[in-house]
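Q: Chain residues, written in single-letter form:
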Amino acid sequence: MSDAPIPAIQISHVSKSFGQGQALVEALKDVSLEAFLGEMFFLVGPSGCGKTTLLSILCSTLKPTSGNVKVLGTDLTAASNRRLTRFRREHVGFVFQQFNLIPTLTITENVSVPLLLAGRGASAANRLAKEALDRVGLGDKIALRPGKLSGGQQQRVAIARALVHSPDLIVCDEPTSALDSETGHQIMEILDEVARDSKRCVIVVTHDPRILGFADRLAEMEDGRILKITTGTAHATG
Amino acid sequence: MITLALRMLFNDRAKYLMLVSGVAFASLLMIQQSGVFCGLMSWTYSSLRNLRAPIWVMDPKVEQVNDPKPLRDTDVFRVRSIDGVAWAAPLYTGNVQGRLPNGNFKLVQLVGLDNNTFTGAPGPEKFLAGSLEDLRLPNTVIIDDFAVQRLSDGLTNPDGTTRKIGVGDVFDINDHEARVVGIVKAYRSFTGGPYVFTTYDRALQYAPPTRRMLSFVLAAPVEGMDPAVIAERITRESGLQAQSEANFRHLTLFWFVKNTGIPISFGTTVLLGLIVGLVISGQTYYTFILENARSIAAFKAMGASMPLLIRMLITQSVVAGLIGFGIGVGLAAGFGYLTAPKGQPPFFLLPEILFGVAGFILLITISAALLGVIKVARMDPDTVFRG
Ligand SMILES: Nc1ncnc2c1ncn2[C@@H]1O[C@H](COP(=O)(O)OP(=O)(O)O)[C@@H](O)[C@H]1O
Ligand SMILES: [Mg+2]
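As you go down the protein sequences, you meet chains A and B in turn. Numbered according to our numbering, the first sequence spans residues 1 to 238. Numbered according to our numbering, the second sequence spans residues 1001 to 1387.
Next up, chain A with everything else stripped away, as it sits in the complex (with noise of 0.2 angstroms):
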């Protein structure tokens, strides 16, 4: 890294709890985190440590008891709902766990979603899909339903989705957890791909110890939590 890192991602003192009262469950404890445009940034921890959570704040889908969460410029704790909404259109992308891909539709279709979403022509969001389809080796499945797929290219056709309209803050919620090590190896090295490739950055939140050797840098959470941030093996040399 060269060049003076820009921020992507800015947490200072943010708490989050659930429920009230005997049932109040404090998912995370005064956080803060920075992580920067191309990099893959990792958050590693005891399943109920808090890492889901976090990772939902700082995409938006979630807002915090307290503290401040600016992404990308953008001050996401001030920000209204139609706001937000608006940028996790623009700036997110999202792969999950269960890959959340639509059964009733081709994953063509359930690629272009983002681009529709963003207000792009049919035709053009189809032929944008396709591209994206074929960047994660799957451009001769385009027409079939996900239910089709083995679970690896299932997540592929996700990280085509997440990829499609080039957000630059991509969140990973255990995206090899469902899958074997082989595959989770696969889809951990186009990931690093798009991280490297472009000015982006990369979140991804796992408990796999198999996939941690792709981590920039990762901070290890517990009990809501980050008790510290190393930096990793990969690219230690870049």
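Where hints are given, some of them may not hold.
What the hints assert, rightly or not - In silico BS3-like links for lysine-lysine, alpha-carbon gap of 30 angstroms or less:
1. A/Lys130 / B/Lys1015
2. A/Lys141 / B/Lys1106
3. B/Lys1106 / B/Lys1069
What the hints assert, rightly or not - Simulated restraints, written as ranges between beta carbons of each label pair:
4. B/Thr1260 / A/Asn81: 55 to 63 angstroms
5. B/Val1276 / A/Ser12: 52 to 60 angstroms
6. A/Ser12 / B/Leu1017: 51 to 59 angstroms
7. A/Ala122 / B/Ile1262: 52 to 60 angstroms
Said to hold, decoys possible - Facing chain B, from chain A, some residues (calculated, C-beta under 7 angstroms):
8. Thr85
9. Asn100
10. Thr231
The hints are simulated quantities; they were obtained by calculation from the structure and are not laboratory data. Yeah, the Cβ is synthetic: ideal placement off N, Cα and C, and Gly gets one too.
Starting from the known structure of chain A, fit chain B with the ligands onto it as the hints suggest.
A: Frame of chain A; chain B with the ligands shown alone:
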């Protein structure tokens, strides 16, 4: 996105078919039952459709056309003498027994028309065979097409095969000979008896004698006068009851609506169709939305705005509803098409029924979509990350 929403609906074959057939079934039931209801109710004033006169004069106690109270023969002249009346003619209507060639009896609706003018008789366009003028011959009657079905039992050709009654055939009414000289198309009467038209004097011979025989006086206003106005004048000056034809239809129709269980029983079926349709379609659509909750949550996470999601849901549900409605209308129309020529059961599809049912289906589908919208609005975009 709207196209994708529809593709999601159509591709979910099982639920789509269920949704559409639920709506189709409900529409069919509602339209068909309303159609039969209107058809049946139109039977109540068949005599008013078969016997055309602008003004009907009757006993003040008469409430509907199928239940006349006899008048004095001289009442015809009283009506005729009233200012503004162009003409007035006697009419007999009553149910009498006709005897078939095989000895069976069938109830017929006997109509006695003015001896000279045949006032109120079916027009020439209604004649399938024979002619009105032949009623001047002795012992003659004109029957309707329904009578052809009902009065043909036991009629045979010389070679033994059965045949239908026709012009030239003879049957008995109360031991008096009735020779058929004409066959007309007529609307079915509510009481179910076929129409037998003859002259007033001959009707009195056929019918069992009572002290008074005149059922109605048919009348018309002089040209340019409103029948309702003249009817009112007749009522006022004669002490009888006079109604314009349109008004008498209404009175008859509403008498049946008020005094019989027919509207309630049909109303119940229509309501049933409505509830069944509502439950099947609403339930199915709601399940559809629940099962698509993950997809919808994903749309929300990816930045689909609430107005867009609402449009998607309403389009899905309204399109399914309209397709189902279309099929329902098609089936109901097919039913009507098959039964209408026989007139059994009667089927009378008013455009108002179609609009009403369409409106109702829209209401159901939009409400179902709005239920889904409430569900979606409550959905956290964050749920996409949760198992
Ligand atoms: N919507 C919610 N309502 C109540 N508690 C929640 C909710 N989401 C998460 N939690 C709780 O917050 C804590 C952190 O959850 P999560 O962020 O999903 O952990 P991780 O992703 O690290 O497994 C857990 O104790 C979880 O039960
Ligand atoms: Mg998690």
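Q: Now, for every hint given, state plainly whether the structure supports it.
A: Hints, one by one, checked against the model:
1. Only pairs whose Cα atoms come within 30 angstroms are accepted, and A/Lys130 paired with B/Lys1015 is accepted, the gap being roughly 29 angstroms.
2. Of the pairs offered as hints, the one joining A/Lys141 and B/Lys1106 is violated, with about 75 angstroms between alpha carbons and a cut-off of 30 angstroms exceeded.
3. Restraint check for B/Lys1106 and B/Lys1069: satisfied, since their Cα atoms lie roughly 23 angstroms apart, inside the 30 angstroms limit.
4. About 58 angstroms separates the C-beta atoms of B/Thr1260 and A/Asn81, a value consistent with the hinted range of 55 to 63 angstroms.
5. Roughly 59 angstroms separates the CB atoms of B/Val1276 and A/Ser12, a value that falls within the hinted 52 to 60 angstroms.
6. The hinted window of 51 to 59 angstroms between A/Ser12 and B/Leu1017 holds, with their beta carbons roughly 54 angstroms apart.
7. In this structure the supplied range 52 to 60 angstroms holds for A/Ala122 paired with B/Ile1262, their Cβ-Cβ distance being about 54 angstroms.
8. Taking 7 angstroms as the C-beta cut-off, the interface hint given for A/Thr85 holds, the closest approach to chain B being about 5 angstroms.
9. Satisfaction of the interface hint for A/Asn100 is found here, the shortest Cβ-Cβ separation to chain B being roughly 4 angstroms, below the 7 angstroms cut-off.
10. At a threshold of 7 angstroms, the smallest CB-CB gap from A/Thr231 to chain B is about 27 angstroms, leaving the interface hint violated.
Going down the numbered hints, you'll see the structure goes against 2 and 10, while the others check out.
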